[in-house]
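K.L.:
From first to last, the protein sequence lines are chains A and B.
Read in order, the letters of the first sequence are residues 91 to 245 in my numbering.
Read in order, the letters of the second sequence are residues -18 to 635 in my numbering.
FYI, nobody ran anything at the bench for these hints, they're computed from the structure.
The calculated DSSO-like cross-link candidates involving lysine-lysine, where the alpha carbons are at most 27 Å apart (straight line), are:
1) 624(B) with 111(A)
2) 95(B) with 104(A)
3) 66(B) with 111(A)
4) 510(B) with 389(B)
5) 631(B) with 197(A)
6) 104(A) with 12(B)
7) 11(B) with 104(A)
8) 510(B) with 111(A)
9) 104(A) with 631(B)
Facing chain B, according to a computed beta carbon distance under 10 Å, are these residues of chain A, among others:
10) 106
11) 132
12) 216
Pulled from the structure, derived: some chain A residues nowhere near chain B, Cβ distances all over 12 Å:
13) 101
14) 186
15) 191
16) 222
17) 224
18) 225
Glycine included, every Cβ here is placed at the ideal spot set by N, Cα and C.
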Amino acid sequence: MSEVSATKADFEPKIIAFFCKWCTSAGADLAGTSRINYAPNVVGIRVMCSSRVDPEHVLEAFREGADGVLIGGCHPGDCHYQTGNFKTMRRAAFLSNLLDALSIDSKRFRVEWISASEGRRFAQTITSFTEEIRSLGPLSRKRLLKESARGGNHE
Amino acid sequence: MKYSHANRLGIFICHCGVNISSTVDIETVKKALTGYPGVSLITDHTYTCSNPGQDMIRNKIREEELDSVVIAACSPSLHENTFRKTLEEAGINPYKLEIANIREQCSWVHSDRKVATEKAISIIKAAVSKALLNEPLTPISVPVTRKALVVGGGIAGIQASLNIANSGYKVILVEKEPSIGGKMAQLSETFPTLDCSQCILTHRMVEVERHPNINLMVSSEVTRISGFVGNFEVTIRKKKTYVNAEKCNGCGICIEKCPRKTDSEFDRALSKRKVIYRPFPQAVPNIPVIDGEHCLYLLKGRCGVCRDVCGPGAIEFEQEERFVKEKVGAIVIATGYETFPIENIPEYGGGTIPDVIDGLAFERILSASGPTGGEIRRPSDGKVPKEVAFIQCVCSRDPEKYFSYCSKVCCMYTSKHAMLYKHRVKDGQPYVFYIDIRAGGKGYEEFYQRASEEDEVLYIRGKVSRLYREDGKIVVEGTDTLLQENVAVRVDMVVLATAIRPSQDVSRIAQLLKASVDENGFFTEAHPKLRPVESMTAGVFLAGCAQAPRDIPDTVSGASAAALMVCNLFASEELKHEPTIAGVDEDVCSGCGICIGVCPYEARELDREKRVATVNEVLCEGCGACTAACPSGAAVQRNFTDKQISSMIKAILA
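Taking the hints into account, I'd like the entire structure generated from these sequences.
P.N.:
Shown next as structure tokens:
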């Protein structure tokens, strides 16, 4: 956890999110029309389905400087494409393990099911995830690379 | 040409009155994006979606020779289509548009101006980096065969066929039995209005037969379905009926003279029919068929009376089955239901006690054209039963032993049975065993109340535990859960409201279509609320009990909805399909087939010769699951490529 301490105080997390068009992005729009304020640290990328998100995109986001990555999809059973979110669920489990193996705390990666009617839940999720990442501190890539080269545990 | 055709992208920032500009500093955004790679123009407008706003966009596209556009405004769900049209009017491809949502997902949810402005810049940068890689796309168009196949000629199939045919399209209606009409034709009177089922049904059956747009094929089955939405090819097997329908004039003398009898399926084996027969007098078409399993001539080469008496010479013992191929654009599945066979319920005396019958058999007893002419007489000895027990939820709502779902119609038809029984046997006593009464529907609760109050039907809340014969009576034992005591009623006849099961054809047809069925064997709809009559397979629609247990009003309205979906499809000669689908880069594809398993729409196949995956563009809905799953990057979702997502990530985090 030592990577955190130095910069934690004035740390604003950078978070990339992937929102499915049908549920979570619509939920985000609802938070907007309902004027529910939430943390500004997340910038969303709208995809057609959460199952479009390649684990590689999540890893790339971490590599490029994200402190956290969020995937938002339809609730299980409600996927616009029938089963896309189940694929996301399985990939997420695999990806969490992979992140731990890469010395990235898997808490930095989250999958949330947020429906088009859950504007408030969307806002709460964004804020709580931002706070969680804030408490974890910035993801130090330099150190991460060094640690992983040594095969040591980072976070 | 003034400019090179590298990238000429224009950004249009909308103030949305003050909805955006009060939180996002437009000037700062413009400054931050000036000189951003690929950006040729950045400008703003108070209302980009207004007519003057759109005029401005169109003019700028022409003046600046823009080839792609980012509009930073409200959610794409509101105006993406508006602006696509604007681009098209200005002469550039509508898919060269990207919307940056800086209202719902930025200005409306952040109050700090500096923070909101920074976030808006990130959102727009991401949109720019995607837009620069957007390809011009054209909606996929496929010709549509404007002819529908309706499978099943019960009330669902009849309603759907008539609706489609009346809209001016051709319909092939395939029914496996010798007549259309389905289960509804067997019913006596229908709840909650007690109108006679045949009276309301038979004129529709006749309408089907006479309709110039309907090709009715009875004693037929669909045996093969290939192709896809708008372009199916189906093979229909015309079974042997040994009667030439072209020659037969329906006089019925063959039936009269036929010397052999067997159980009538239509009357649930409560009466006999001839071996050459019509299932029931109002059968449509009015053409008899020969039951090959019982015909003396076909079995032993003796008899042949029907052939001898037939004036027009319509009897053809040497008839062979035929296969007909047809091209259709849409398919309506209306294969209906079966009731769970009582022989499989020995604990309720099914198959061993002759006076234990199911609801459909009781319908026949109640029917004026039934085996008893509408008089209530029990099967074993023809006596009028003075006490009758009706048992609901037989095999339904019984997850331990049978099926967990509710069969939906039994509460109401049991009320009707008990009521009609009481109307005809004035001194009789009906008992109804029930778990609870589900009477949701127009006039249903009132109907149930009428049965229990006016017609003195005795309702006993509780399941039946045991049923046995004693001294010429049938003893029905159970627990009355309201009085909390065991009860035993001694009755003369028992009617079981057995569970509704999907017809056996459902699984067969589902296999032909590669369509999915639920855990109970009913067809699965594309969306339980918003696409309730569409199957998971594009161009295949669902009607009636093939999907779930239904009553007649729900079946009819669902069938009409399915017909409307077919007409929707047929409204234009070509099918337009979103072009943002996932293609295959054949040079990269290794033919591993992972994408094929991932696709929820069966849109992908393996080309065995080329050893690459291929895509049926019409079936692909563009979710992108295959693109994420492809290990070699060969599955490419158009305008959602890995490169685009990656450049968005970089733009946001830069």
